[in-house]
Amino acid sequence: MSKIIGAVEIGTSKAKALIGEVAENGTLNVVGMASRPNEGMRKGEIVDFRKAAAAVHSALEDAEKMSGTTVDEVYLAQTGSHLKGQMLRGSASVSSSDNRVDVTDLQRAAEEAKRRKPDDGRTYVHHVRTPILLDGRVVQDPVGMFGSKIDLGYWSIDGDDQAIKQALHVISNYSLEVKDLILSSIASSTMMAGPDLRRAGTLVIDMGAGVTDFALYRQGFVACTGVIPVGGDHVTGDLSMGLRVLEPYAEKLKIEHGKAISDPMDEGEDVWIIGNKTIGDRSIPRKAITDVIHVRIAELFEILSKELEGLLDPDELKGGILLTGGASLLPGVEQIASKILGFNARRASFPTGIDSELAQPENATVLGLLHYGLEDHGLPGRKKEEVETGFLGKFRKIVGLGVQS
Amino acid sequence: MSQDNLFPKETNFSPENEIPGIRAKIIGIGGAGLSLVDGLRFDNFQSVEHLAVDVDSRALADSIAGEKLAFGRRHTRGMGTGGEHTLARKAMEEEKDVIRKKLEGVDLVFLLAGLGGGTGGGAAPVIARLAREAGALVFAFTPLPFSWEKSRHSMAEECLADLRKFANAVIPLPNDSLLQMGGADATALECFAEAGRNVSMGISAICALVFRRGMIDVDFVHLRKAFNRRAGRTLFGYGEGDGEDAIRQAVRELLLCPMLHLPDVSKAADALLILITGGTGMGMAALQQVSTEIREEFKAGEHIVFGAHVDENMGNRVQITVLGATDLEAGIPTADVAPTAKEVIAVLPKSKVAHSSKLAKEKKGSKLKTVPAQPRNKKKDDLDQNTFEFMEAENQRGIFGDLPSRNIYAGEDLDVPAYLRRGVKISI
Ligand SMILES: Nc1nc2c(ncn2[C@@H]2O[C@H](COP(=O)(O)OP(=O)(O)OP(=O)(O)O)[C@@H](O)[C@H]2O)c(=O)[nH]1
Ligand SMILES: Nc1ncnc2c1ncn2[C@@H]1O[C@H](COP(=O)(O)OP(=O)(O)O)[C@@H](O)[C@H]1O
Ligand SMILES: [Mg+2]
Ligand SMILES: [Mg+2]
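Those protein sequences? They're chains A and B, same order as listed. With the first letter of the first sequence counted as 1, position 391 gets the number 391 in this note's numbering; the numbers rise by one all the way through. With the first letter of the second sequence counted as 1, position 40 gets the number 40 in this note's numbering; the numbers rise by one all the way through.
Calculated from the structure, these hints are not laboratory results. Heads up, some of the hints might be wrong.
Derived pair list, reagent style DSS-like, types lysine-lysine, alpha-carbon separation capped at 27 Å [claimed, not checked]: (1) A:K306 / A:K318; (2) A:K259 / A:K277; (3) B:K150 / B:K96; (4) B:K165 / B:K90; (5) A:K51 / A:K165; (6) B:K425 / A:K339; (7) A:K252 / A:K306; (8) B:K150 / A:K339; (9) A:K84 / B:K150; (10) B:K225 / B:K299; (11) B:K90 / B:K101; (12) B:K425 / A:K287; (13) A:K306 / A:K339; (14) A:K84 / A:K65; (15) B:K90 / B:K68; (16) A:K252 / B:K425; (17) A:K287 / A:K259; (18) B:K150 / A:K306; (19) A:K165 / A:K114; (20) A:K51 / A:K3; (21) B:K425 / A:K306; (22) A:K339 / A:K318; (23) B:K425 / A:K259; (24) A:K318 / A:K287.
Next comes chain A alone, as it looks inside the complex (with noise of 0.2 Å):
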């Protein structure tokens, strides 16, 4: 029998619902999709509860009409700057006489490595494990393998719980039950960066509406991600006030015209505001625009660059730079990001086999959260839903669902 399944992102621009069916065989089928503008959310941050909800479960809504069913639960995105990861590592010996790994050593070493707590009033919101190493060795799975002490780590997000409860809300309104908690970042990469690209060491960058979303992959595990407090909005905030528009006219000319690299071609044009060049039009020379798009990309990149300082390795970053989300349309923003970053940066493309309609970078987060919650990402020998049940039970707590913990 197939299987529903759902994605929520509760995006700044717009939240996203979309809805799988998982055949048996387990190939994943896109069959609802839906996005509506959002209201209640500033830089990743839901500032107006109502109105996110509103956004999401109408999006929610049309998505399940689209697909003909309904879902009981969902994986959802998780961003915003009070997010902050560390790595969090943990160790034990084998145990067994003969000294063959057993299920239950790396469960020992899990469990070292997650019982550091997150300081009062913020909670886990994932924890992605990092390669097993065997005395000293990078294992896929030391289980049945001979060895004398077993270290692994996670890297480990923790978010303010206020922030999250909002979030979880907004979802448990609509009757709906989390599956998971995902990070945009991860959902995102998982998306755009195939194994392969992980592998080879990659950076994904998603620039979204208010924030920026990055993770940084090698040897095929998450070694970094982050959250930046800027993105789309603030390129049409800042048009906005140096253009001397309003606001949708400033969007419109982002998307319309802007540019974040500087154009000879552009030398001396103008364009018009609103386009119908009545006595309200104005015009406005392309350069102005640019120059204006250009400091503040120019600028977010050079903050990623801080952020990511030390651990951009040319050997351990052959996949080089991708840049997803909405904002990533912005012309030039490559040349920008490598010019910055010391790195071949391009548009992330997706897999192919995704509808052409689907396949549009501010879906990535959205897309890749079903793909992300389809893969096992528990311990080596350890059952997918085991590993669920520990999340799971915190999130109830924090919502008030139910005791279990």
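Following the hints, put chain B with the ligands in place on chain A, whose structure we already have.
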């Protein structure tokens, strides 16, 4: 280099028709304050005096202000404070009797001080308080540090908040933004000159209202009534038009005035001063119409000071200046001194209905919903309508102004436009 030559001369009026009785004093504090005072030319206002205040005796010696006051000698031995605003504050508190003397009988005080400076930032709030206690109405014009003067920022913000507790209105002049108004590769010096031009515009508008007789007249009592409350954010802008359609043109220019489109500028005013100056041809009907538009634009309530002056030298030109303040009782904790000095109370309107700020109200339900959803399909709307909507939809820190906290990264607020912070000039 002196900045004298960079300022326009105030030749609009002759001293003959000056209204007697009111005394005004322009007080420059610290290096930036002194150079601003020295740049001003208000010789044609007989009742406007100039006072230079500094701890730096050499800077004082170079000033051309009519009156000078050195303070803090005990702490700095005649040198600057080296950016230590606590030092200047302390020194000014210790020597407050001297400055009190200088404030005796003064009705209107203009404070000019760079809040990124130790002397300016430390002493200005103290002087503002003393002036209020002495019963004066206090307007402050305060240059704020460039983004690259990182270490000075938090201090300047602190001093600004302090000053806002006491002055009736504080007009911040962020150096970053002023740089935008200069030529393509404007230097810091030109930026200072721009600050000077703005200060000059602001002060001359207020002085003209108080000291000149006009077509539509106001007096000091009006001004005091309007700005009596403690101000929160302010707005300040101007526009000029020429020729047949001068007045409409001036409104258009006013609404596009860069000073009104800075981060932190209020879009609504609980107290609003409007001054229109034009040649003899200026019509009463057009004036009324324009004043109504401007009031609506800034959502001004009852506290309006509207003056219109005729100046033959203007020819066909028309100049509009606005200066407004929100009354944010809620926002800033009340100071322990009384902005309710007896003299101030005396001119309060009789009905003392609690006045809540429109801005605060607007904030809640504000944002994008006032913005037309489909700009393309809009009816034929004239520029004025557009720009009006613009200002309504806009808020203090650009599109993020409604958010309670700042988006600080390495000492800079990322929600403030990047081009402003990086000093990149945008020509439109
Ligand atoms: N607009 C403008 N800003 C100025 C001027 N001079 C300095 N500044 C700015 O004001 C701040 C420095 O303040 P100063 O006025 O030199 O310092 P001060 O008040 O004399 O204080 P100390 O010398 O530190 O005791 C800096 O942020 C400068 O960018 C000026 O002439 N005009
Ligand atoms: N063609 C385009 N050029 C530039 N920016 C664009 C373009 N299309 C969309 N954007 C911008 O992308 C942002 C939305 O991207 P998205 O990834 O959906 O963000 P979020 O997930 O934060 O809602 C908006 O700021 C929008 O202005
Ligand atoms: Mg997104
Ligand atoms: Mg000095």
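Report the numbers of all earlier hints that the structure fails to satisfy, in ascending order.
As far as the earlier hints go, 3, 7, 14, 20 and 24 are violated by this structure, in ascending order.
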